[in-house]
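These are the residues of each chain, in order.
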Amino acid sequence: MQIRKLVAVVALCLVAAIVASAQTIQFKDFKLRNGLRVILSEDHSAPTYSLVMTYNVGSRDERPGRTGFAHLFEHMMFEGSENVGKGEHGLSIINSGGTRNGTTNSDRTNYFETLPSNQIDLGLFLESDRMRSLVINQVNFENQRNVVQEERRRSYDNQPYGKTSEAILDTVYDSFPYKHSTIGSMEDLNAAKIEDVAAFFKTYYAPNNAVLTMVGDFKVDEVTAKIEKYFGSIPAQPAPPLVDMVEPKQSAERRRTVQDPLALVPRLSIVFKIPQGNTPDWYTLLVAGQVLSGGESSRLYQRLVKESQVATAVGAAAQDRRGPSTFTITVDLQRGKNPADAEKLIYEELEKLKNEPVTNAELEEFRIALRRNEVEQLVGTLTRAQNLGTLAVYYDDPGLINTRGQKLRTVTREQIQKTARTYFIETNRTVVLTTPVSQTPGTGGGR
Amino acid sequence: MRKLVFAIVLATTLGLPVSLAQGPTESAITKVERKNRVPINNETLRVKLPKATETTLSNGLTVLVLEDHRIPRASIQFVIDGAGSLHEPADTPGLASTTAQMMREGTKTKDSSKLASEVEQLGASLASSSPFGSGAATVSAAGLSDNFDRWLALAADVLLNPAFPAAELDKLKQRLKTNLTQQRSTAAFLANERFVKAVYGSHPAAVAAPTAASIDSLTSERLAQWHRERYKPQNAILAVAGDVKASTLIPKLESALANWKKSDLKPTPLRSAVAADAKRVLLVDRPGSVQTYITMGNVAIDRRDADYYALVVANAVIGAPQVGRLYVNLRQEKGFTYAINSTFDAQKFAGPWRSASEVRTEVTDAALTEYLREIKRLNDEPVADNELEERKRAIVANFALSLENPEQVLAYAVTRKTFEFPSDYWDAYAGKIMSVTKADVQRVARKYIDPNRLQIIAVGDGSKIRGILEKYGPVQVYGIDGSLRTP
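As you go down the protein sequences, you meet chains S and D in turn.
For what it's worth, the working numbering labels the leading residue of the first sequence as 35, then goes sequentially.
For what it's worth, the working numbering labels the leading residue of the second sequence as 598, then goes sequentially.
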């Protein structure tokens, strides 16, 4: 009975990645009748597997007054379900030699386990039980509200530069979905209610709003039957509301200074608005970021850290967002150096990128770094499982795990010049300077 | 407890000062709700770790190779004992770490930027470092296996022919001095600095960072001398993992490293620090902190100690991430913290058992109370049979996951070699863990995790937590610059 259903399911499979090369990741991609998308990739090189459940929900789906809720909810997913007690989830996995966690960002939430391959049922059971029957009670909710607030303090409120990332989002974005941080404000975390948890669960944690990916030491046919057994009867729900991601075009430079009582050295952040991930311009800007700051031979490292010595570290990268994205340049200043000098040097380097094509050597360096990256992602099962899930949720195309390399490899020198001219302009720019609150002499330490 | 939590949330929201009643609370029972319906395979997947081949080159260098042809990549790591910070003169902290960092800033034939370009043109990575607290310096590289010979040559150049150019040293000194300032902005650094001083005393492992004066005093000649005298093949292990063939690699290494000559240097064995015999409470006053960073512990054992296995299990009982007693109590039950675990550092000399956690300022007292309660419980009560079995099983079953990563498997081989364990050490390891008894756990807890001898460090807002800390013992107060404020 179970088997016959299975054949029907498998017949609908999209068999992706037919063109084989040494590093091509083969996978099967299909949906259960309740809409759960399943992506399976065998790898028998170690007696292990990773399972990732990626839900199509992130902090961009939150409403005003409830920032931080998607992440707070993620914590509730470890608090027990109909057949799994509070604390039993982690205990079952760790006692079996495995590891587990969950993460939330603006665009998706994922839950994952890596386990020895003789524990296939364990991972599937745990993920299905909480998708089917999350236990929601006030005690657990208050407990996790506290834990999340500690996470916020630990990563933001008690850290130097902790306020910087929120200031950047708030200044760069005009529309709500990306204007706020995933961790959320203390005020909103305090305002969250248990009724919100139940509603959120019903809306977003449905099989038709999730992607199950597994990579590792199992047989696709056997695991497909188990997936049907554990997940097949979880009912689908109406599709969640679409989020309005339209972001108005910026018309003038924005500047902001963050006074940071915990920082001891200034940090400069320069941010440009760019298109969403998986678009031609975005791929081009990814390459540009590598030319600017990839490694110690890169332009910005050589110019700001080595030649002019205004900085101790510099980074430039396009963020991978499924909606309107950003290109961020971060400079950690040397003690006593003027941030304005660093800013001027950055603009000079960006002008160079607009006025002269990058060298072939720089492009070749990017391409070999890319190849290395493609090879390294084959180490371990978790990275591949996470990437497949994220690409499926973001772009409805897990095959990008194999094809995006080609999109990056074919970026030309002319394209880099053209996109630099389009996006690296003053009116599209936000500059955030984080400065230490004026210190009494001697608090610099080590003097 | 729930009412208490509500009170805090409310008070925080309203900006009210929070004071917590600190009467005796009932004994924390670290319970997990078990429904016992989860399908767990009770067979532990026992794995046999692949063995690395071991060769000694003619210059005395030990080479461990773990062939792994699954993926076209490789990594190499030279671990050079005697070249690390623990062996540097006390008046120049940072000599070893700066030497290691400068090795990437130019060789006799390539300047800093040419070296960086050549590494990156191969898609490789190359690093050299000597962290504080280690007796060894490391030079490591990784990349694609199809251009392995070329990045191996660059790594060998960095290892054998560093030039220590004065202009680059001047630049690095400026960056290092900014870092000295920068690192004092995080509670984690301040806590670690104070903790290693507290547990190690006059031992070289008490040093956590250089000083501006020692950085200023360094010269190219001084670094070159440290490199010349200390980077010696007879004291080094080269660990290679990945898509390489040991049989062809060894002759290649003999030729690439032909100019690396052995000497008579043998690193001086480091004595073990003596564990503190009385509890101490040290406060690093970091105004504006909204959390207290707590870390506590004491010197425990070296890596060859017969108590090692029992301490692995005892540490897991109290401090395993996500399931240990501290986690279950302070996070899962009380919501005091986001993360809490414990570790111990066993080297050729005895290192500390320690735990660390960040808790909101308002629950500093309650968190310390629960911390000490759990440590006392580990001392006073035998661990339950099922808890002991579960912690042991988790350790043994986790070995399967290491097979995903050749570097992890090779790290086991390096440990075996470093401590001169027998060749079947890791084959026998699971059996040793499984034979640890609850009496063993209690015995080592009393010996090494004694609540009356803990060194307790708190980094936080002194104006709010100093009075609380006084309840746990006389408090010494330090500033974020590291200076002692009170005797």
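One or more of the hints may lead you astray.
Straight-line distance between alpha carbons at most 16 Å, and here's what the computed EDC-like set of lysine to aspartate or glutamate pairs gives [to be verified]:
1. D:1061 with D:882
2. D:707 with S:330
3. S:307 with S:354
4. D:711 with S:208
5. D:1014 with D:1004
6. D:1044 with D:962
7. D:770 with S:341
8. D:849 with D:743
9. D:711 with S:410
10. S:340 with D:743
11. S:283 with S:460
12. D:768 with S:341
13. D:1061 with D:986
14. S:283 with S:330
15. D:1044 with D:977
16. S:340 with D:826
17. D:1035 with D:962
18. D:1068 with D:1078
19. D:768 with S:330
20. D:648 with D:664
21. D:648 with D:1021
22. D:863 with D:840
23. S:227 with S:176
24. S:371 with S:398
25. D:632 with S:116
26. D:842 with D:664
27. D:1014 with D:651
28. S:340 with D:708
29. S:62 with S:255
30. S:452 with S:385
Not close to chain D: a few residues of chain S, all C-beta gaps over 10 Å, as computed [what the hints assert, rightly or not]:
31. 99
32. 129
33. 232
34. 255
35. 281
36. 290
Calculated from the structure, these hints are not laboratory results.
Don't be surprised by glycine CBs; every beta carbon is placed ideally from N, CA and C.
Each hint, compared with the structure:
| no. | hint | verdict |
| --- | --- | --- |
| 1 | D:1061 with D:882 | 10 Å, holds |
| 2 | D:707 with S:330 | 14 Å, holds |
| 3 | S:307 with S:354 | 12 Å, holds |
| 4 | D:711 with S:208 | 44 Å, violated |
| 5 | D:1014 with D:1004 | 15 Å, holds |
| 6 | D:1044 with D:962 | 26 Å, violated |
| 7 | D:770 with S:341 | 14 Å, holds |
| 8 | D:849 with D:743 | 15 Å, holds |
| 9 | D:711 with S:410 | 25 Å, violated |
| 10 | S:340 with D:743 | 31 Å, violated |
| 11 | S:283 with S:460 | 13 Å, holds |
| 12 | D:768 with S:341 | 9 Å, holds |
| 13 | D:1061 with D:986 | 42 Å, violated |
| 14 | S:283 with S:330 | 34 Å, violated |
| 15 | D:1044 with D:977 | 12 Å, holds |
| 16 | S:340 with D:826 | 29 Å, violated |
| 17 | D:1035 with D:962 | 30 Å, violated |
| 18 | D:1068 with D:1078 | 25 Å, violated |
| 19 | D:768 with S:330 | 14 Å, holds |
| 20 | D:648 with D:664 | 9 Å, holds |
| 21 | D:648 with D:1021 | 10 Å, holds |
| 22 | D:863 with D:840 | 33 Å, violated |
| 23 | S:227 with S:176 | 10 Å, holds |
| 24 | S:371 with S:398 | 34 Å, violated |
| 25 | D:632 with S:116 | 9 Å, holds |
| 26 | D:842 with D:664 | 6 Å, holds |
| 27 | D:1014 with D:651 | 9 Å, holds |
| 28 | S:340 with D:708 | 12 Å, holds |
| 29 | S:62 with S:255 | 10 Å, holds |
| 30 | S:452 with S:385 | 12 Å, holds |
| 31 | 99 | 14 Å, holds |
| 32 | 129 | 5 Å, violated |
| 33 | 232 | 20 Å, holds |
| 34 | 255 | 20 Å, holds |
| 35 | 281 | 32 Å, holds |
| 36 | 290 | 20 Å, holds |
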